[in-house]
Amino acid sequence: MLDVQEKSLLFKIRVLKDQKAFAVLLSKHSSALQRFLKMKLPKIEDAEDAFSVTLYRFWNYLTASEVESVSGLLFTIARSVVAEFYRSRKTENIPLEDYEVAAVDERLNEKIDAQTIVNKELKNLDDETKEMIVMRYFEGWKIKDIAKHLGKSENSTRVAIHRAVKKIRLNIKKCE
Amino acid sequence: MVKLIKNLKDDPAFGGDFDFKKSWNKFADQYGFEKDYSDFKLTWHDYFNYFTHISSKTILRPAGAVLSAFIIIFGSWIATVNASFGSVPGDLLYPVKLVSERMQITLAATDEQKARLHTEFAGRRLKEVMEIAATPQVGNEVRMQAAVDGFKQEVASANVAVESMAANSSQNADSVAIMVDQQVESYMTTLAEAQESSVSDSQGETLAEAQVTVSETDASLTETLVTSHEENQAESTGTYLQASFQKDLKNIDAEKIVLEGRMDRIKNLISLGKISTANVAQYQTNIQTITGQLKSFEDNLVEARNLFAAGGWRRVQEIVTDLKNKLSVADELVASMEIQISTGE
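Going down the list, the sequences are from chains W and C.
Take the first sequence: its letter number 161 is residue 161 in the numbering used here, and every next letter is one higher.
Take the second sequence: its letter number 216 is residue 1216 in the numbering used here, and every next letter is one higher.
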């Protein structure tokens, strides 16, 4: 549900085409969006380009129609931008070193402690579970919002997060 | 465990180290948006605009839609009710007319309003009776019976409402009783006209029933007015009763003269030997009886006029009612003799 402040911002954007209101609205949602794009795309530059494209499409939508869920729409647009990115690069071979994740992974592997294991385990999670963990613990989203965002039931989302955390904990114990 | 996970929040591998301002500036450069938004603040005016917009959307628009629907439905209902005004029993729209009248009665808040409405509706029923009598067609007996039943019911209901007003010492009880009584008297005239134009015996009988009801109601209303005048001595009721009884006494006098004339014609026929000898004795007895009664009329009328002058309204009413009843009986007797003579029985 949108709060009154967010609804007032949306109203200003739609009726007055207020770009500053748009910036204020985005400042609340862009952290999760950026994280999503960075996790989905191979390079930071790609994520930043996708971010700009997403914002522009989001602006066009907001100035033309009324919106019920800001984050829902934002991530829907972001997913389509990511999909377009991969469609356009389908024929290209993406060098392995392009993936920031891999580079960081290697860097982090240098010190083997609990934090390193957590880091490694998180990266080894499948994309969807990783997204759940990121939304839950990095962005502080509620389970029901994550479930809605991923098109899952609340229960299955809760169980998936619980299992992932449990798996990481077990691996830490094993290493100890 | 959760803390260890959260420690990775700003890790670039998980999309951390995000700087919105930097990203916004890049976006603003690319698409020509304003870079600096730091001075932006939502004001009360913004909230007010938003709530005005919401209220127009959530309240005014639905209310407008409901109002439009109401206007359409209500307008259709009004049109149907208007169309039903000219209907008579047996017509398709007649029930609509009755339902709209019932609704009006239900919505009437006071006995005064009810009395006025019932009187008006009684007038409508009577109009229906006249229309049915004027347009002979199959099933008219049933239609007229329905209209007359409705008329009787409305007249009785009007009387009940007036009695209720009088019992509650309502301020306008007298004026409403006078209004209803005047209407009822006009109904008597109309019913008499309808009876003359009625095409069948059964219709005549139906109308006669209505006349009885009207007479009873008239008597009851007069009784109500007399009681009220005795209690309040109001000028309005005194003036009305005076005029009403004067008229009654004049009518009784006139009807008595007419009746005597009709009996003189029968006596003349007897003296001319034009009446069957088998009936002569019976006719003479009847005439003698009626003449005897009519003789006492003179004394009664004198007494009534004296009481009238002294303001003894209740006694005047009793005398008038008694004389009317006697006239009615005498009229029936004379009428039966006239019928026998005309049919040669």
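Hints are computed from structural coordinates only; laboratory data are not their basis.
Any given hint might turn out to be false.
[Stated by the list, open to error] Calculated lysine-lysine pairs in the PhoX-like style (CA-CA distance at most 20 Å, straight line):
#1 C:1006 - W:167
#2 C:1026 - C:1009
#3 C:1009 - W:43
#4 C:1006 - W:142
#5 C:1021 - W:166
#6 C:1041 - W:28
#7 W:166 - W:40
It should be emphasised that the depicted structure is a prediction, and the values quoted were computed from it without experimental measurement.
Okay, the hints, checked on the actual structure:
| no. | hint | result |
| --- | --- | --- |
| 1 | C:1006 - W:167 | holds (16 Å) |
| 2 | C:1026 - C:1009 | violated (23 Å) |
| 3 | C:1009 - W:43 | holds (18 Å) |
| 4 | C:1006 - W:142 | holds (15 Å) |
| 5 | C:1021 - W:166 | violated (37 Å) |
| 6 | C:1041 - W:28 | holds (14 Å) |
| 7 | W:166 - W:40 | violated (24 Å) |
In the structure shown, a violation is registered for the earlier hints numbered 2, 5, 7, in ascending order.
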